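K.L.:
Since chain A is already given, all that's left is putting chain B on it; use the hints.
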Amino acid sequence: MHTLREGRLKTDMTTSVHRTQSSRQTPAPVLLAFALMIIWLVLPLVPIVVWSFAKRWFFPDLVPGEWSLQAWQYLFSPVSGLGKAISASLAIAIPVTLLSCCIGIPAGRALACYNFRGKRAVQLLVLAPVLVPGIAVITGLHGIMLNLELNNQLAGVIVAHLIPALPYMILVMASTFARFDTEFEAQARTLGANTFQVFTRVTLPAILPGIVIGALFTFLVSWSQYILTLIVGGGRVVTLPLLLFNFVSAGRNDVAGALGVIFILPGLIILIAVARFISGRSGIAELPSRL
Amino acid sequence: MLNVQLCQLRLNKLNPLQALILFFSITLLTPTTVTAASENEFADDSWDEIVAAAKGGEVNWFMWGGSDDINRYVSDFVGGLLKKRYDITLNRVGINDTVEAVNLVLGEKEAGNTDSGSVDLIWINGENFRSMKQGDMAFCGYLDAMPNNALIDWENDSIANDFGVPVDGCEVPWSKAQFAFAYDEKRTDTPPTTIAALIDWVTKNPGRFTYPAPPDFSGSVFVRHVFYHAAGGVKNLLVDFDQALFDEVAAKTWQILNDMKPALWRAGRTYPQSITQLDQMFANSEVDITFSYDPSSVGLKIENGSYPATTKGFVMTDGTIGNTSYTLIPFNSPNKAAAIVLQNLLTSDEAQYQKALPEVWGTMPAIDLSRISDEYKDKFNTLERHPSVVSEAELAEVALPELQSSWITAIEEGWKENVAR
Chain A
588 MHTLREGRLK
598 TDMTTSVHRT
608 QSSRQTPAPV
618 LLAFALMIIW
628 LVLPLVPIVV
638 WSFAKRWFFP
648 DLVPGEWSLQ
658 AWQYLFSPVS
668 GLGKAISASL
678 AIAIPVTLLS
688 CCIGIPAGRA
698 LACYNFRGKR
708 AVQLLVLAPV
718 LVPGIAVITG
728 LHGIMLNLEL
738 NNQLAGVIVA
748 HLIPALPYMI
758 LVMASTFARF
768 DTEFEAQART
778 LGANTFQVFT
788 RVTLPAILPG
798 IVIGALFTFL
808 VSWSQYILTL
818 IVGGGRVVTL
828 PLLLFNFVSA
838 GRNDVAGALG
848 VIFILPGLII
858 LIAVARFISG
868 RSGIAELPSR
878 L
Chain B
620 MLNVQLCQLR
630 LNKLNPLQAL
640 ILFFSITLLT
650 PTTVTAASEN
660 EFADDSWDEI
670 VAAAKGGEVN
680 WFMWGGSDDI
690 NRYVSDFVGG
700 LLKKRYDITL
710 NRVGINDTVE
720 AVNLVLGEKE
730 AGNTDSGSVD
740 LIWINGENFR
750 SMKQGDMAFC
760 GYLDAMPNNA
770 LIDWENDSIA
780 NDFGVPVDGC
790 EVPWSKAQFA
800 FAYDEKRTDT
810 PPTTIAALID
820 WVTKNPGRFT
830 YPAPPDFSGS
840 VFVRHVFYHA
850 AGGVKNLLVD
860 FDQALFDEVA
870 AKTWQILNDM
880 KPALWRAGRT
890 YPQSITQLDQ
900 MFANSEVDIT
910 FSYDPSSVGL
920 KIENGSYPAT
930 TKGFVMTDGT
940 IGNTSYTLIP
950 FNSPNKAAAI
960 VLQNLLTSDE
970 AQYQKALPEV
980 WGTMPAIDLS
990 RISDEYKDKF
1000 NTLERHPSVV
1010 SEAELAEVAL
1020 PELQSSWITA
1030 IEEGWKENVA
1040 R
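Protein chains in written order, with our numbering: chain A, 588 to 878; chain B, 620 to 1040.
The shape of chain A in the complex, shown without the other chains (with noise of 0.2 angstroms):
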């Protein structure tokens, strides 16, 4: 807050007292994401962490009549292949999340910050995968990527989960556009600052919480797709969702704990990584300072 009124004293004092606070709250619902996420992401692994200890853990035990190391050493084992699903998970989520920005942050903003022709309809487009199951299309999806030749691989497995994740990027871009002020843009260019300069000093400080979240979004559902890495992936490119279902559906909550453990850390350790960068300490509020 001290930066803030500092730097808007400093640079133009034309800046509504409106426009500035808008800006200001942008943290606000970046917070609540945020601690909805700590929330979702914390609290279950509370009894996974213990089930993957516990052998014989019946109602009402409040533990477990037996610890057990099995679940682990099931896991560390060359055949339960979860060094194989871990690297192709990420082998997966990754090029998804990077692709997704690519996509996702230009596309955010034309929604956002620019009106045209069939506006509406392309925001229904975009929200269609979010809104339709997976299964529903799956078959049809499977069909396309036996015709493309990208069935069975890696390539054809990142191209499928950018149907359900973009959605949440183009979304969370959408909203994160629709809070920036385009003019902070255009007072860098009359102070000299080139497109460049314009975007890596303005824009992208101004929407990183926003790419943050998104990208962590756009992750964590390509990290969690069962039925449309198995179909398109063949059986070829086995992901931890792929293990962990199967241990999900046969009841065995102690494998299905120690893999669920596994299956967290990503999403857990990202978000610690990035948790400066959305927790409102950076962004559009140190900009002026630094131009």
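It is worth saying that the hints were derived from the structure and are not from the lab. Just so it is clear, the structure is predicted and the values come from calculations on it, not from any experiment. Just so you know, even glycine gets a beta-carbon here, dropped at the ideal spot from N, CA and C. Some hints here could point you the wrong way.
As the list claims (entries may be wrong) - If you want the ones that stay clear, here's a sample from chain B, every Cβ over 12 angstroms from chain A, calculated:
{"no.": "1", "residue": "P834"}
{"no.": "2", "residue": "L857"}
{"no.": "3", "residue": "L897"}
Claimed, not checked - Covered, in the sense of this in silico footprint (three residues per stretch, anywhere, with C-beta under 8 angstroms from a C-beta of chain B), are these stretches of chain A:
{"no.": "4", "region": "688-702"}
{"no.": "5", "region": "722-730"}
{"no.": "6", "region": "758-768"}
{"no.": "7", "region": "775-786"}
{"no.": "8", "region": "821-834"}
P.N.:
This is chain B only, laid out in the frame that chain A set:
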């Protein structure tokens, strides 16, 4: 096969458009005809030729992946032997439900993929086999080339028919299974051992019994046991679907199940959605009886901690239903030779014995034990089951056959109409 169909088409009707389509079909289908020719080749091929063709290849086996014990047996033991003896890499693909593999092949078939599918072998039976066979998605007619086919008793109805559908050389038996119940000695002194006694037991112990809602595989089998009971035995039911007979028996069955309802868990207002849920309810003392189509699973589940150690398997003296599960090669598998070598290995006395060991899996062999080597005869004879698993002799004594799929579907539909609501 395909060639013949095309020729008939050409002879019967021929307008220019069809001729054009035909021309392109033939051009496109040329690789298929090559495959079709090589399909026949397998039947005449010597075993050595098949093994040579399979060498250095891979086989992608899609199978339910929810048991670490089964996964270990398949990946370590079977996969190890396959690599060592035949230089074939086994890729075990774990799935939640066999229908996922069937849909994968179906999708490929619809997209015109006839020779480079992603599935080389499926662990399968029942409804899924029927889909594969009726949809012309099963690779058939090569069994004579497989040495261990000699160990399979195709005269046995429960091997030659998969839920009433003739196997016709389209799949290879892998394991036998038979429905068995389980109870916890700590909670229940003597479990009911006839369906009539079970019905009585349920009314006397309200809230302590339920069954998964059909079409869950296990819940559906339980309802069939009541159906057999209502029919006064299975004998009359082993025919093609008979609506009048069905209506008569079904009416009695729904009566029994509806009478039972108030005494079920949550007064029958809701049913567990899967056998997994029932198993967990049993383990957590919410209900006192569970069941499984794999009698050996009681042993595995005690050892892996899913069931209390005091769990015991038991059967109904008026019979429990048995079935056979198989492995099947899809029509468009690009690794058929390797899949056949794998099937042959799976039906060897060595692999069937390993699978029967209680600490490995404990499941019943699908090969005829009178035809195997003396060494393995002895081994099988001295094989000890897990102490909590019903003995094979006891199971064999009460074995009942499965109905044809048409009956099963009608019972599942009828249950939804008359009992679920």
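K.L.:
Taking the hints in turn, state whether each one holds.
P.N.:
Quick rundown of the hints versus the structure:
| no. | hint | in the structure |
| --- | --- | --- |
| 1 | P834 | 16 angstroms, holds |
| 2 | L857 | 33 angstroms, holds |
| 3 | L897 | 10 angstroms, violated |
| 4 | 688-702 | violated (count 0) |
| 5 | 722-730 | holds (count 3) |
| 6 | 758-768 | violated (count 0) |
| 7 | 775-786 | violated (count 0) |
| 8 | 821-834 | holds (count 9) |
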